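Going line by line, the protein sequences match chains L and X.
Under this note's numbering, the letters of the first sequence match residues 3 to 276, in that order.
Under this note's numbering, the letters of the second sequence match residues 3 to 276, in that order.
No wet-lab data here; the hints were simulated from the structure.
As the structure is a prediction and not an experimental result, all values here were calculated from the model.
Note that the Cβ used here is the ideal one computed from N, Cα and C, for glycine as well.
Keep in mind that a hint or two might mislead.
[As the list claims (entries may be wrong)] Straight-line Cα separation of at most 25 Å, DSS-like style, residue types lysine-lysine; simulated pairs:
1. X/Lys210 with X/Lys200
2. X/Lys185 with X/Lys119
3. L/Lys181 with L/Lys119
4. L/Lys272 with X/Lys241
5. X/Lys272 with L/Lys272
6. X/Lys101 with X/Lys241
7. L/Lys272 with X/Lys197
8. L/Lys181 with L/Lys197
9. L/Lys197 with L/Lys210
10. X/Lys272 with L/Lys197
11. X/Lys101 with L/Lys119
12. L/Lys197 with L/Lys185
13. X/Lys181 with X/Lys272
14. X/Lys272 with L/Lys210
15. X/Lys210 with X/Lys185
16. X/Lys272 with L/Lys181
17. X/Lys119 with L/Lys272
18. X/Lys119 with L/Lys119
19. L/Lys185 with X/Lys272
20. L/Lys272 with L/Lys241
21. X/Lys200 with X/Lys185
22. L/Lys200 with X/Lys272
23. X/Lys119 with L/Lys101
24. X/Lys101 with X/Lys119
25. L/Lys272 with X/Lys185
26. X/Lys200 with X/Lys241
[As the list claims (entries may be wrong)] Looking from chain X toward chain L, a few residues come up when the C-beta cut is under 10 Å (computed):
27. Ala61
28. Gln64
29. Arg84
30. Gly88
31. Gln93
32. Gly94
33. Gly99
34. Arg131
35. Asp196
36. Lys197
37. Trp199
38. Met259
39. Pro263
40. Ile275
Number of protein chains: 2
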Amino acid sequence: MHPYELHRIEPGSAVDLSAIDPGRTPGLSGPESQERAAAAALHAENILAMQDLQYRLWAESQRSVLVVLQGMDTAGKDGTIRHVFGALNPQGVRVEGFKQPTPEELAHDYLWRVHRKTPGHGRIVVFNRSHYEDVLVVRVHGLVPEDVWRRRYEEINAFERLLAGSGTTILKVFLHISKGEQKQRLQARLDEPDKLWKFSMGDLAERKRWAEYQEAYTDALSRCSTEHAPWFVVPADSKWYRNWAISSIVRRALEEMDPRPPRAEIDPSKIHIE
Amino acid sequence: MHPYELHRIEPGSAVDLSAIDPGRTPGLSGPESQERAAAAALHAENILAMQDLQYRLWAESQRSVLVVLQGMDTAGKDGTIRHVFGALNPQGVRVEGFKQPTPEELAHDYLWRVHRKTPGHGRIVVFNRSHYEDVLVVRVHGLVPEDVWRRRYEEINAFERLLAGSGTTILKVFLHISKGEQKQRLQARLDEPDKLWKFSMGDLAERKRWAEYQEAYTDALSRCSTEHAPWFVVPADSKWYRNWAISSIVRRALEEMDPRPPRAEIDPSKIHIE
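Let's have the full structure, built from the sequences with the hints guiding it.
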């Protein structure tokens with residue numbers, strides 16, 4: 003089975019994150035060294051295909067792609083951006099991060115700042131965190147009352163339906179890591195001097211709320227995986243598996259869009275360049 | 003000599019574009035096949051160095067880089083973006099294009115829309131065309147009176163001084179092609195079905211004003227190459243030369259910035275991850 007089907011959350015179904023092992027590598031087989039080599043080779047093929055598809059998307063300039071990346075700290079959002087989107091033409095791809103909202107952003111509804119960053123025709127935009135934080139960190143820390151965040155699932159579905167209806171293919175990826183893997187990755191930031199600048203004490207505070215986050219993710223994934231904007235839960239303890247799975251999902255979506263350069267309205271044989 | 007010095011317009015000097023052969027390849031030597039191989043190898047080295055420097059710029063997050071690309075149609079702005087900036091981490095690099103201004107943009111001064119797109123800390127932004135169009139196409143087509151565009155050179159210098167003063171390294175590159183080379187590249191768009199969508203009859207109209215554009219460029223390059231925001235005139239008839247020259251210039255500028263990750267304020271040995 004293809005990673006697109008393997009990891010897609012069926013719209014209307016309830017996700018059980020505890021039943022999905024973040025260390026598994028479905029879609030591949032054999033001993034680990036063999037799986038790893040296969041994933042690397044297939045990932046490289048995906049990248050080449052994505053480059054061609056991106057060119058056609060840009061030339062067509064009628065539709066767009068929005069990739070939402072979510073996950074706990076150290077889940078691999080930055081690494082995914084580098085390894086899956088790093089080889090695309092920077093003219094047609096943009097990464098948008100969403101951190102703590104500014105006072106101006108807080109003076110608007112929570113989708114305002116997100117809407118401004120959605121992709122225009124021909125473009126691919128990657129959200130490094132997104133409007134889903136408004137039903138994740140906001141819920142876990144009780145930043146708004148429960149009735150407010152509860153109605154957001156429907157608001158988000160409506161917002162994403164709007165985008166999809168105007169030609170945006172939406173792919174939402176949850177990078178699923180285990181609590182043990184996060185510990186190792188945080189420890190690596192402490193142990194390697196070159197990575198120490200990435201370490202934040204705040205990450206430890208969030209880690210203490212692991213179970214609450216998993217619960218909040220479970221609801222977001224279950225309530226907001228729709229036909230027009232599906233969620234994918236990608237096992238992400240193995241970086242090589244994650245890279246291949248995500249490039250496979252993006253490639254598949256682009257292939258289904260099948261973008262084509264517009265037909266020229268001129269007859270090239272009749273044009274003389276002086 | 004290094005491309006940084008070879009192509010930099012000395013502040014205060016008058017540029018004579020007609021004296022700069024767009025087909026030459028200074029800084030390299032030997033028969034063309036040898037020059038081409040050397041340029042490709044050195045360019046690949048530059049890209050690896052730029053990736054490391056970009057990481058450090060991002061980690062430091064105190065300064066930024068703005069690269070302005072200008073040139074006649076088909077001069078290679080898109081190709082430069084792909085070949086020189088395409089291998090950087092998309093999270094830290096952004097490409098901004100400036101086409102015909104919108105009504106909202108026209109309701110402001112000409113630097114308003116540009117200022118909004120300048121790089122934040124840790125970031126590299128590439129302008130595909132820029133505020134220089136306001137002393138190029140605007141001048142050639144007489145879109146504003148002469149006294150208005152004439153005072154823009156000083157306004158631009160002051161604007162760029164502001165950016166430089168707040169930690170932005172500015173590199174402005176004019177992709178210098180010959181009129182004959184442009185003819186070949188336009189013809190290729192007509193001859194290759196895959197490229198036909200790029201062809202625009204408007205390009206032929208602009209081509210007729212070649213001499214006026216060269217004059218407008220001469221003034222912009224002469225008046226706006228400053229210590230804080232130098233112009234580089236890069237011979238661009240050979241794409242492989244152009245790529246190497248520009249990656250060399252960007253690499254040199256990043257090396258001179260010498261960005262460094264911030265010193266951590268924590269003692270990693272005292273932290274225990276539960």
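Here's how the hints hold up against the structure:
1. For the hint pairing X/Lys210 with X/Lys200, the CA-to-CA distance comes to about 19 Å; that is within 25 Å, so the pair holds.
2. Of the pairs offered as hints, the one joining X/Lys185 and X/Lys119 is violated, with about 33 Å between alpha carbons and a cut-off of 25 Å exceeded.
3. Between L/Lys181 and L/Lys119, the direct Cα distance comes to roughly 32 Å. Violation of the 25 Å bound is thereby established for this hinted pair.
4. Annotation: proposed proximity of L/Lys272 to X/Lys241 is violated, straight-line Cα distance about 28 Å (limit 25 Å).
5. As the CA atoms of X/Lys272 and L/Lys272 are separated by approximately 76 Å, the hinted pair breaks the 25 Å bound.
6. This hinted pair checks out: X/Lys101 and X/Lys241 have alpha carbons roughly 24 Å apart, not beyond 25 Å.
7. Taking the CA atoms of L/Lys272 and X/Lys197, the gap is near 16 Å; set against the 25 Å cutoff, the hint holds.
8. Between L/Lys181 and L/Lys197, the direct Cα distance comes to roughly 20 Å. Compliance with the 25 Å bound is thereby established for this hinted pair.
9. At roughly 22 Å between alpha-carbon atoms, L/Lys197 and L/Lys210 fall within 25 Å of each other, so this suggested pair holds.
10. For the suggested pair X/Lys272 and L/Lys197, the alpha carbons sit about 16 Å apart, so the restraint of at most 25 Å is met.
11. Distance check on the hinted pair: X/Lys101 and L/Lys119 sit about 19 Å apart at the alpha-carbon level, within 25 Å; holds.
12. Under the criterion of a C-alpha separation no larger than 25 Å, the hint pairing L/Lys197 with L/Lys185 is consistent with the structure, at around 15 Å.
13. Taking the CA atoms of X/Lys181 and X/Lys272, the gap is near 66 Å; set against the 25 Å cutoff, the hint is violated.
14. For a cut-off of 25 Å, the pair hint linking X/Lys272 to L/Lys210 stands: about 18 Å separates their Cα positions.
15. Among the hinted pairs, X/Lys210 with X/Lys185 is consistent with the structure: their alpha-carbon atoms are about 11 Å apart, no more than 25 Å.
16. Pair hint X/Lys272 plus L/Lys181 holds up; C-alpha atoms about 21 Å apart against a cutoff of 25 Å.
17. Of the supplied pair hints, the one linking X/Lys119 and L/Lys272 is violated, its CA atoms being roughly 40 Å apart against a limit of 25 Å.
18. For the given pair, X/Lys119 sits about 13 Å from L/Lys119 by alpha-carbon distance, which is consistent with the 25 Å threshold.
19. Under the criterion of a C-alpha separation no larger than 25 Å, the hint pairing L/Lys185 with X/Lys272 is consistent with the structure, at around 15 Å.
20. Taking the CA atoms of L/Lys272 and L/Lys241, the gap is near 54 Å; set against the 25 Å cutoff, the hint is violated.
21. Among the hinted pairs, X/Lys200 with X/Lys185 is consistent with the structure: their alpha-carbon atoms are about 14 Å apart, no more than 25 Å.
22. Taken as a hint, the L/Lys200 and X/Lys272 pair is honoured in the structure, with Cα atoms around 16 Å apart against an allowance of 25 Å.
23. Restraint check for X/Lys119 and L/Lys101: satisfied, since their Cα atoms lie roughly 19 Å apart, inside the 25 Å limit.
24. The suggested pairing of X/Lys101 with X/Lys119 holds, with an alpha-carbon distance near 13 Å, which does not exceed 25 Å.
25. Under the criterion of a C-alpha separation no larger than 25 Å, the hint pairing L/Lys272 with X/Lys185 is consistent with the structure, at around 15 Å.
26. Simply put, X/Lys200 and X/Lys241 have alpha-carbon atoms about 18 Å apart, close enough for the 25 Å limit, and the pair holds.
27. Because the beta carbon of X/Ala61 sits about 5 Å from the nearest beta carbon in chain L, less than 10 Å, this interface hint is met.
28. The interface hint given for X/Gln64 is broken, as the beta carbon of that residue sits about 12 Å from the closest beta carbon of chain L, more than 10 Å.
29. Interface restraint check: X/Arg84 against chain L, minimum CB-CB distance 5 Å, threshold 10 Å, status holds.
30. Among the interface hints, the one on X/Gly88 holds; its C-beta lies about 6 Å from the nearest C-beta in chain L, closer than the 10 Å criterion.
31. With a cut of 10 Å, the hint placing X/Gln93 at the interface with chain L holds, because the nearest CB-to-CB distance is about 5 Å.
32. For X/Gly94, the shortest C-beta to C-beta distance to chain L is roughly 8 Å, which falls under 10 Å, so the interface hint holds.
33. Restraint check, X/Gly99 versus chain L: the minimum CB separation of about 8 Å is within 10 Å; hint holds.
34. Among the interface hints, the one on X/Arg131 is violated; its C-beta lies about 12 Å from the nearest C-beta in chain L, farther than the 10 Å criterion.
35. Interface hint status for X/Asp196: upheld, as the beta-carbon distance to the closest one in chain L is roughly 7 Å, under 10 Å.
36. Evaluation of the X/Lys197 hint against chain L yields a held restraint, the C-beta minimum of about 9 Å falling below 10 Å.
37. The interface hint given for X/Trp199 is met, as the beta carbon of that residue sits about 4 Å from the closest beta carbon of chain L, less than 10 Å.
38. Because the beta carbon of X/Met259 sits about 17 Å from the nearest beta carbon in chain L, more than 10 Å, this interface hint is broken.
39. Taking 10 Å as the C-beta contact cut-off toward chain L, the hint placing X/Pro263 at the interface holds, the least distance being around 4 Å.
40. Hint on X/Ile275 holds. Least Cβ distance to chain L is approximately 5 Å, under the 10 Å limit.
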